[in-house]
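Following the hints, complete the assembly by docking chains B, C, D, E and F onto the known chain A.
Protein chains: 6
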Amino acid sequence: MKETDDKTRETAKKLFGAGIKIDPPYLMWKEYDRDLANDFSRFITGNLYSRTVLTLPERQMAACAMLAALRAGEELRLHVNAALNVGCDPAKLAEVFFQLATYAGMPTVNEALVVYRDVLKERGQWPIERPAEK
Amino acid sequence: MKETDDKTRETAKKLFGAGIKIDPPYLMWKEYDRDLANDFSRFITGNLYSRTVLTLPERQMAACAMLAALRAGEELRLHVNAALNVGCDPAKLAEVFFQLATYAGMPTVNEALVVYRDVLKERGQWPIERPAEK
Amino acid sequence: MKETDDKTRETAKKLFGAGIKIDPPYLMWKEYDRDLANDFSRFITGNLYSRTVLTLPERQMAACAMLAALRAGEELRLHVNAALNVGCDPAKLAEVFFQLATYAGMPTVNEALVVYRDVLKERGQWPIERPAEK
Amino acid sequence: MKETDDKTRETAKKLFGAGIKIDPPYLMWKEYDRDLANDFSRFITGNLYSRTVLTLPERQMAACAMLAALRAGEELRLHVNAALNVGCDPAKLAEVFFQLATYAGMPTVNEALVVYRDVLKERGQWPIERPAEK
Amino acid sequence: MKETDDKTRETAKKLFGAGIKIDPPYLMWKEYDRDLANDFSRFITGNLYSRTVLTLPERQMAACAMLAALRAGEELRLHVNAALNVGCDPAKLAEVFFQLATYAGMPTVNEALVVYRDVLKERGQWPIERPAEK
Amino acid sequence: MKETDDKTRETAKKLFGAGIKIDPPYLMWKEYDRDLANDFSRFITGNLYSRTVLTLPERQMAACAMLAALRAGEELRLHVNAALNVGCDPAKLAEVFFQLATYAGMPTVNEALVVYRDVLKERGQWPIERPAEK
Numbered sequence: 000m001k002e003t004d005d006k007t008r009e010t011a012k013k014l015f016g017a018g019i020k021i022d023p024p025y026l027m028w029k030e031y032d033r034d035l036a037n038d039f040s041r042f043i044t045g046n047l048y049s050r051t052v053l054t055l056p057e058r059q060m061a062a063c064a065m066l067a068a069l070r071a072g073e074e075l076r077l078h079v080n081a082a083l084n085v086g087c088d089p090a091k092l093a094e095v096f097f098q099l100a101t102y103a104g105m106p107t108v109n110e111a112l113v114v115y116r117d118v119l120k121e122r123g124q125w126p127i128e129r130p131a132e133k
Numbered sequence: 000m001k002e003t004d005d006k007t008r009e010t011a012k013k014l015f016g017a018g019i020k021i022d023p024p025y026l027m028w029k030e031y032d033r034d035l036a037n038d039f040s041r042f043i044t045g046n047l048y049s050r051t052v053l054t055l056p057e058r059q060m061a062a063c064a065m066l067a068a069l070r071a072g073e074e075l076r077l078h079v080n081a082a083l084n085v086g087c088d089p090a091k092l093a094e095v096f097f098q099l100a101t102y103a104g105m106p107t108v109n110e111a112l113v114v115y116r117d118v119l120k121e122r123g124q125w126p127i128e129r130p131a132e133k
Numbered sequence: 000m001k002e003t004d005d006k007t008r009e010t011a012k013k014l015f016g017a018g019i020k021i022d023p024p025y026l027m028w029k030e031y032d033r034d035l036a037n038d039f040s041r042f043i044t045g046n047l048y049s050r051t052v053l054t055l056p057e058r059q060m061a062a063c064a065m066l067a068a069l070r071a072g073e074e075l076r077l078h079v080n081a082a083l084n085v086g087c088d089p090a091k092l093a094e095v096f097f098q099l100a101t102y103a104g105m106p107t108v109n110e111a112l113v114v115y116r117d118v119l120k121e122r123g124q125w126p127i128e129r130p131a132e133k
Numbered sequence: 000m001k002e003t004d005d006k007t008r009e010t011a012k013k014l015f016g017a018g019i020k021i022d023p024p025y026l027m028w029k030e031y032d033r034d035l036a037n038d039f040s041r042f043i044t045g046n047l048y049s050r051t052v053l054t055l056p057e058r059q060m061a062a063c064a065m066l067a068a069l070r071a072g073e074e075l076r077l078h079v080n081a082a083l084n085v086g087c088d089p090a091k092l093a094e095v096f097f098q099l100a101t102y103a104g105m106p107t108v109n110e111a112l113v114v115y116r117d118v119l120k121e122r123g124q125w126p127i128e129r130p131a132e133k
Numbered sequence: 000m001k002e003t004d005d006k007t008r009e010t011a012k013k014l015f016g017a018g019i020k021i022d023p024p025y026l027m028w029k030e031y032d033r034d035l036a037n038d039f040s041r042f043i044t045g046n047l048y049s050r051t052v053l054t055l056p057e058r059q060m061a062a063c064a065m066l067a068a069l070r071a072g073e074e075l076r077l078h079v080n081a082a083l084n085v086g087c088d089p090a091k092l093a094e095v096f097f098q099l100a101t102y103a104g105m106p107t108v109n110e111a112l113v114v115y116r117d118v119l120k121e122r123g124q125w126p127i128e129r130p131a132e133k
Numbered sequence: 000m001k002e003t004d005d006k007t008r009e010t011a012k013k014l015f016g017a018g019i020k021i022d023p024p025y026l027m028w029k030e031y032d033r034d035l036a037n038d039f040s041r042f043i044t045g046n047l048y049s050r051t052v053l054t055l056p057e058r059q060m061a062a063c064a065m066l067a068a069l070r071a072g073e074e075l076r077l078h079v080n081a082a083l084n085v086g087c088d089p090a091k092l093a094e095v096f097f098q099l100a101t102y103a104g105m106p107t108v109n110e111a112l113v114v115y116r117d118v119l120k121e122r123g124q125w126p127i128e129r130p131a132e133k
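Chains as they are written, first to last, in numbering that gives the first Met the number 0: chain A, 0 to 133; chain B, 0 to 133; chain C, 0 to 133; chain D, 0 to 133; chain E, 0 to 133; chain F, 0 to 133.
It should be emphasised that the hints constitute simulated quantities derived from the structure, not laboratory data.
Note that this is a predicted model, so its numbers are computed, not measured.
Please note: incorrect hints may appear among the correct ones.
Note that the list lumps identical chains together, so a pair holds whenever it fits in one copy or between two copies.
30 Å max Cα-Cα, derived DSBU-like pairs, lysine-lysine [claimed, not checked]:
| hint | residue 1 | residue 2 |
| --- | --- | --- |
| 1 | Lys120 | Lys1 |
| 2 | Lys91 | Lys29 |
| 3 | Lys91 | Lys1 |
| 4 | Lys1 | Lys29 |
| 5 | Lys12 | Lys91 |
| 6 | Lys6 | Lys91 |
| 7 | Lys6 | Lys29 |
| 8 | Lys20 | Lys1 |
| 9 | Lys91 | Lys13 |
| 10 | Lys120 | Lys20 |
| 11 | Lys6 | Lys20 |
| 12 | Lys120 | Lys13 |
So here's chain A without its partners, still in its complex pose (with noise of 0.2 Å):
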């Protein structure tokens, strides 16, 4: 237990421990149950998201490709956030918002995009450095 507590605690603290101030939703549920905070902690952050399959940065990647498809503007600030303090590259995130228009239309894409510039914003590193396109 020691072990998944120490790894869950060096994990958040990588994606969550710089850039804009956000407080993660395990606040809120230790208000509501210390226990089940804990749990839930452990087990995501400390089993899931310390495996070594993918790094953090592609991790990252696929986290917020996912919270953009599912419109979860709340959790995708929070991990747009986490993706630029591991190292995602700022241009390669905006372009994979803008492929969600093929898979889950406008309304979709626009929601992650103002999620995003927000956050981008508040970091101090907007507008993004266009990458050199041909």
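Structure of chains B, C, D, E and F alone, referenced to chain A:
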């Protein structure tokens, strides 16, 4: 237009030209309306998919993550096959689907895993060679 | 009540009395609970569908647009058949499903097009006579 | 009709007559169309909600579970308040929202928990007295 | 290309050139990537929206039905305004949203009615003049 | 860990050990990755499902309500069977699915009723003995 048409064909071939046999939606669009089918194909495969901000494997990892989240089984089938065609790592793809547990719940995970296992079996790549983790 | 029951039957006949044979959900509701089945039927077909603010073809165009967006394949099947029964233009209906691309993405479009093509084939109306555009 | 109208009013009062102040959707429907508003209200509150197969607390537990799953925040707010009005156990309701993790993922859980905490605070019932488990 | 650009501008003006002031998503896309923004705009407004199989009012009725079903509030706001600009009947539009009750449930209906009422108020068209039914 | 594993097995047996035969998703997870499968199983069945804030029948009523709302047919099949195994009242379960009409619309209701009727038939419990209402 000629140039876009060439890019459309070339990208389509890389994605869908190998692996298991699935009729792409383009054939159905064409039965409905040849002009519209070409407009869609040029836009999606010619314009969007040919952009180089993301590599093709990166784009397909994101596509599969999003289609799984959207529970779009038919398209997922098409795109996991394409992902494997352009060189995505089979174990990383599975990991992405398991990660979806946190964001979309187990029914969504299970639907993706069933589709993916079927495609891997048809391609003779099942079971996935497990990465030597730890 | 008698008046509502007459309107229910009359509207149901216009919508579902021709074209391909599909068991309406009403039969299943009745197997569960005859009273509830009648309550639902009276409310949906008797009250809502009998209102004349929209003509029946206008109402069915909207119904098909919404059911396609919701990815409700079974009901869509029932309602594209009903739409054709009350005189909706087959080419306009196809156009609505293609338009969905912008709002809901291609998987949703493709699901609707597959259902619609099946119904048109069963009714002997496939392929759609294309409108002479321009 | 008179009898249904009485049941509608009586059930509505039990559900929405206490706790925090929220305008029920009925008021908006009436602004659009008085007849439709009455049809909806009679059907939903008069017919469906007055059935006794489920007790009101059982029905409200199910309603909250479904509305949380559907990410329908506004209606959830209305119905967690109603659930508490008819005697649902606050700790059981929280447990249902946490259980949603397995089926719908954490963003859906978090949205429900935020709405629920707000309502509990407005009612002066926050934090929930924790059940003495084990 | 010139011809498509002219059609794009002309159609956009008919849809979005009057009524309430809303920044179209195009402006945000352009902040991210001018080329992509033009690709999207040409495809959606230039290609799809300029097709004449559906009249503009028919297309907007379908667009509003679909966006309401998808619970895409921001785009719905844009498109009910556009629907009124191109001559859709305000009472018919309301009726479509009420019809959604059968297919998507009341939370979805209520979200659409709130958005629609706001737009009608801003345009000075609230309450809707009720059609003389029967 | 041993204790959690015992609870996992014991709870799984109560839920899935009787009634119709359905392969639980756990078997597929294990084919992909034995460690992950155990992590998921321990977390979901061992931790969450073994909590006693809700009785097992209460938990299964909520699970079925949520899975029906999410249109997760495969998991619903698994969980209506489990609900009947732990003693949920068949008529109450049907009532929950009908109630979904108000919140999610008829397509969602119909999907749930079809799944439920199939399971009841396989278990020899169809048609449901109707409660003597009023």
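Status of the hints after comparison with the structure:
1. Taking the closest pair of Cα atoms, lysine 120 and lysine 1 never come within 30 Å of each other, the shortest separation being 38 Å inside a single copy and 35 Å across copies.
2. In this homomeric assembly, lysine 91 and lysine 29 come within 30 Å of each other (Cα to Cα) only across copies, at 16 Å, whereas the closest approach inside a single copy is 35 Å.
3. With identical chains, the CA atoms of lysine 91 and lysine 1 are at most 30 Å apart between copies only, with a shortest distance of 28 Å across copies and 37 Å within one.
4. Proximity of lysine 1 and lysine 29 under a CA criterion of 30 Å is satisfied in both settings, with 19 Å inside one chain copy and 26 Å between copies.
5. When the C-alpha separation of lysine 12 and lysine 91 is checked against a cutoff of 30 Å, the pair qualifies both within a copy, at 23 Å, and between copies, at 23 Å.
6. Taking the shortest alpha-carbon separations for lysine 6 and lysine 91, both the intra-copy value of 28 Å and the inter-copy value of 21 Å come in at or below 30 Å.
7. Within a single copy, lysine 6 and lysine 29 get their C-alpha atoms as close as 19 Å, and across copies as close as 24 Å, so both meet the 30 Å cut-off.
8. Taking the shortest Cα distances, lysine 20 and lysine 1 sit within 30 Å of each other inside one copy (27 Å), while across copies they are farther apart (39 Å).
9. Taking identical chains as interchangeable, the C-alpha atoms of lysine 91 and lysine 13 lie at most 30 Å apart whether they share a chain (20 Å) or sit on different chains (21 Å).
10. For a Cα distance limit of 30 Å, the shortest separation of lysine 120 from lysine 20 qualifies both inside one copy, at 13 Å, and across copies, at 24 Å.
11. When the C-alpha separation of lysine 6 and lysine 20 is checked against a cutoff of 30 Å, the pair qualifies only within one copy, where the shortest distance is 22 Å, while the shortest distance between copies is 39 Å.
12. In the homo-oligomer, the alpha carbons of lysine 120 and lysine 13 lie at most 30 Å apart inside one protomer (21 Å), although the nearest pairing across protomers, at 33 Å, exceeds that limit.
Checked against the numbered hints given earlier, the structure breaks only hint 1 and satisfies all the rest.
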